[in-house]
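2 protein chains.
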Amino acid sequence: MPTISINNSQKLNLSPLKMPERLLLGPGPSNAHPAVLQAMNTTPVGHLDPTFLALMDEIQSLLRYVWQTENPLTIAVSGTGTAAMEATLANVVEAGDGVLIGVSGYFGNRLVDMAGRYGAEVKTINKPWGEVFSLDELRAAMATHRPRILALVHAETSTGARQPLEGVGELCREYGCLLLVDTVTSLGGVPIYLDEWGVDLAYSCSQKGLGCPPGASPFTMSARAMEKLQQRSSKVKNWYLDMLLLGKYWGSERVYHHTAPINLYYALREALRLLAEEGVENSWQRHQRNVEYLWENLESIGLTLHVEKQYRLPTLTTVRVPEGKDGKAIASKLLQDYNIEIGNGLGELAGKVWRVGLMGYNSRPESVDQLIAAFKEVLK
Amino acid sequence: MPTISINNSQKLNLSPLKMPERLLLGPGPSNAHPAVLQAMNTTPVGHLDPTFLALMDEIQSLLRYVWQTENPLTIAVSGTGTAAMEATLANVVEAGDGVLIGVSGYFGNRLVDMAGRYGAEVKTINKPWGEVFSLDELRAAMATHRPRILALVHAETSTGARQPLEGVGELCREYGCLLLVDTVTSLGGVPIYLDEWGVDLAYSCSQKGLGCPPGASPFTMSARAMEKLQQRSSKVKNWYLDMLLLGKYWGSERVYHHTAPINLYYALREALRLLAEEGVENSWQRHQRNVEYLWENLESIGLTLHVEKQYRLPTLTTVRVPEGKDGKAIASKLLQDYNIEIGNGLGELAGKVWRVGLMGYNSRPESVDQLIAAFKEVLK
Chain G
0 MPTISINNSQ KLNLSPLKMP ERLLLGPGPS NAHPAVLQAM NTTPVGHLDP
50 TFLALMDEIQ SLLRYVWQTE NPLTIAVSGT GTAAMEATLA NVVEAGDGVL
100 IGVSGYFGNR LVDMAGRYGA EVKTINKPWG EVFSLDELRA AMATHRPRIL
150 ALVHAETSTG ARQPLEGVGE LCREYGCLLL VDTVTSLGGV PIYLDEWGVD
200 LAYSCSQKGL GCPPGASPFT MSARAMEKLQ QRSSKVKNWY LDMLLLGKYW
250 GSERVYHHTA PINLYYALRE ALRLLAEEGV ENSWQRHQRN VEYLWENLES
300 IGLTLHVEKQ YRLPTLTTVR VPEGKDGKAI ASKLLQDYNI EIGNGLGELA
350 GKVWRVGLMG YNSRPESVDQ LIAAFKEVLK
Chain E
0 MPTISINNSQ KLNLSPLKMP ERLLLGPGPS NAHPAVLQAM NTTPVGHLDP
50 TFLALMDEIQ SLLRYVWQTE NPLTIAVSGT GTAAMEATLA NVVEAGDGVL
100 IGVSGYFGNR LVDMAGRYGA EVKTINKPWG EVFSLDELRA AMATHRPRIL
150 ALVHAETSTG ARQPLEGVGE LCREYGCLLL VDTVTSLGGV PIYLDEWGVD
200 LAYSCSQKGL GCPPGASPFT MSARAMEKLQ QRSSKVKNWY LDMLLLGKYW
250 GSERVYHHTA PINLYYALRE ALRLLAEEGV ENSWQRHQRN VEYLWENLES
300 IGLTLHVEKQ YRLPTLTTVR VPEGKDGKAI ASKLLQDYNI EIGNGLGELA
350 GKVWRVGLMG YNSRPESVDQ LIAAFKEVLK
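Heads up: the protein sequence lines correspond to chains G and E, in order. Residues 0 to 379 in numbering that gives the first Met the number 0 are what the first sequence spells out, letter by letter. Residues 0 to 379 in numbering that gives the first Met the number 0 are what the second sequence spells out, letter by letter.
So that you can see chain G by itself, here it is in the shape it has in the complex (with noise of 0.2 Å):
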C-alpha cells in the first residue's frame, strides 16, 4: 500500500515513559491528589455518551458552587487556563470596545495583549508589581475611561498579590461595565463569591487550588455578560471558544461541538467532589493556615516576602531573592538535588523573587516542611 518510500528520519526509537516524582510547589501546576490521577485513568466514554452529558452537568454544579455563582453558563473549556482566558475576551468584546485593564503584573499584561487582538480600545491603570489597586484609584480610572469592560485579576500569579475586589461590581454597574476577573490562582484556595461581588466573567485553571491535572478550565459569566454575547453584531472570532455553541452543547440542547477531553472531565470532576467533601470555606481555611505556617517559616531562616501582609495570597507567596544570590541556580538546584519545584520570578520580578506556590492538595504542613528542609540546605 505505501506508494511513496517511508522517511524514517525523525522516528525515534524510545523506552516506555519514565518521570520524576517532583513536589510541585511553584506557581503550577501543583501536584493533584492520587484519587483523581485514579479517576483520569478511567477508560473513556464517548463525549455524547448519557453518562458523560450526566458528568458534565456535575461539573456545571460543583464550579458554581466553588465560585459561589448561580450562572447558568458554567463550564470547562476543553484547554488551559489560557485558553478559558481567551474565551472570556473573545464572547463579549468587539472592535472598539473599551477595555480598562489593571496591570500589576505579568497576567494584567496577558489581558492587555489579548483583548488588543479581539479589537478592543484598551486602556490601563498600573500599580507596581506586587501590589493592588484601591476602589478609589478604580473609580478614577472609570470615571476618565467609561469603559465597556473593566478586567482585573484577582490572584497575581506572577507577583502573589490578592486583588481586593468588594465594592468593585457596584461601581461596574454604576458605569453600566462589565467586570471581569482572572481568578486562576484563586479558585479553590482563596475565598471568592463572584455573585456578591458582582463579577460578569471569570476564568481559571485546573492544576492549582482545584489540584487536578492542567487541560480542562473552568468558564462562567452571568445573564449581563450573555446579554452583550448575544448583541453582538459579528459572530465571537474564535469557534472553538463561541458561547453561543458550547452553550448548546453543555446545556439542555446538547449539539455536538467539539470532543471533549474526557479523561480530564473525569480528573476534574473527582478534584471537585473532593472539594465539596472538604468544603469549599474548609479548603479556603486550610489554605490559609499552612500558607501562614510557610510565611514563619520562610522568615525563620532569613527570607523576606515581596507582598504586603494582608494583601498576600494564601495560594502563592513571593519571596525575595537574597542580595548576592542566584534565583535561578538555587531553583534549579531545588528540582535536580531535592525534586522539588519552585518558580523563578517573571517580569518586572525576574530574578528578584521566588513563587512558592502551596496550592490544592500540596496544601499539607508536609510540603512546607520538605521545603523549608530542602532551602536550608541549598542556601548555605
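Worth flagging that the hints you see were computed from the coordinates, not collected in a lab. Check the hints yourself; a few may be wrong.
What the hints assert, rightly or not - Below, a list of computed lysine-lysine pairs in the DSSO-like style, where the Cα atoms sit at most 30 Å apart: (1) G/K247 to E/K332; (2) E/K327 to G/K247; (3) G/K247 to E/K10; (4) G/K227 to E/K10; (5) E/K247 to G/K17; (6) E/K122 to G/K234; (7) E/K308 to E/K332; (8) G/K234 to E/K234.
No experiment lies behind these values; they were computed from the predicted model shown.
With the hints as your guide, set chain E onto chain G.
Leaving out everything else, chain E in the frame of chain G:
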C-alpha cells in the same frame, strides 16, 4: 475567614467516579491503549521542567514521523482537534484573504464558518456528502477563485470519504496558494505524506488513529506558511494559538506561554512511541486490513456501505440505515445493551447512516467480531 455566608445550593454530594466500560467504535474518541492510559497516570512535572522540555522534543519528532514531514514547527496544541483546526486558520488568514474550501461534509462546513470569523473571503466548491473532488474540479475552482489558501478535508469524519491529495500541492504552487489539510481522522491510520504532497498546514487529534485520549492535538506548518505568518500586518487574533509565541515555547528559546496539559502530553508521547514501534506503514496496513474485514462482515449481514470502495476511509465507515429502521434507536440499543458506541449520521446524512470507527488501538478483528455479533441481535 469567610465573611459572607456560603451558598450550598449547587453543592453535590457525589460518589467517586464510576463510568461504564465502552467499546468505542464511533467517530472518536476511540479506546486508548492501556499503556497510554498508564502513562497518563504518571505524577505530573512542571511545564518548564527540563525532563518535560525533552519530552516535548520527542513529541515533535514523532509527530513529524507519523505525518511524514520535516516541518520544524510541528507541535501539539493544548486543546482538542478543533483547537488545532482553529490554529491553522488563525495563524495564516488575514482579513480579506481569499480562502477556497472543499465542502463535501460537516467538517468542510466547519472550516467555512471558522475561516469567515477570521475575516477570510470564503469561496466553496461543493460535492454531495460521501463523494470527493477530482484534481480537474479543484483546478477549475482554483482558476476561478485564485485563493491565498485552499482547504481540504483529507478524511471527512461525517461521510467516511478519503479525499485524494496527489497533485494538489503542485496545483497550489502554480497558483501561489497555501494548501491546508484536515487530517483529524487520517493521522496514524491512513497513508499521509505531507511533504511529498506539498501540504502547508495540517492539524489532527489524538483520540483517533493515534489511540490516545483527546485533548492535545497535532499541528504543523511549512516554511511557506510560516512566511505568510511572519509577514502578517496584524497580530494573530488568538493569543492561545499564536504560533509565533508557541514556537518560542516549543523551540529552543523555551519562553513560557501557557501551562501545557502535562498528563495528556505523557499519553501522547506514549501513543506515538507505540506507533513508531509498530511502524507507521504497518499501522496503515493494519487499519486497511481490519476495515476490509469490517466491510465484508457488514455486507454479509445485509448492510450497505455509503461510500464508493476506492474512496472509503480505513478509519471510519458510513453504513446506510436500512429502510424503515430507526438508526438512532438502534445505536442507543447497542450502547445501552452491548456497551458498544457507534456514531449517528451528521448533517445531510443524519438518520441515513451510522458511522463506524476502527481507529488506533481499536483497529482489531475482535472489535469487528464484537460489533457484528451485536448488530445481528439488534437488527433482528
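Here is how each hint holds up against the structure:
Taking the CA atoms of G/K247 and E/K332, the gap is about 25 Å. The hint holds against a cut of 30 Å. Between the alpha carbons of E/K327 and G/K247 the distance comes to roughly 20 Å, so the proposed pair stays at or under 30 Å and holds. Taking the CA atoms of G/K247 and E/K10, the gap is about 23 Å. The hint holds against a cut of 30 Å. Using a Cα cut-off of 30 Å, the hinted pair G/K227 and E/K10 holds, with the two alpha carbons roughly 29 Å apart.
Note on E/K247 and G/K17: the hinted pairing holds, with a Cα-Cα distance of about 25 Å set against a maximum of 30 Å. At most 30 Å may separate the alpha-carbon atoms for a hinted pair to count; E/K122 and G/K234 meet this at roughly 18 Å. Our distance criterion of 30 Å between C-alpha atoms is met by E/K308 and E/K332, whose separation comes to about 28 Å. This hinted pair checks out: G/K234 and E/K234 have alpha carbons roughly 19 Å apart, not beyond 30 Å.
The structure shown violates none of the earlier numbered hints.
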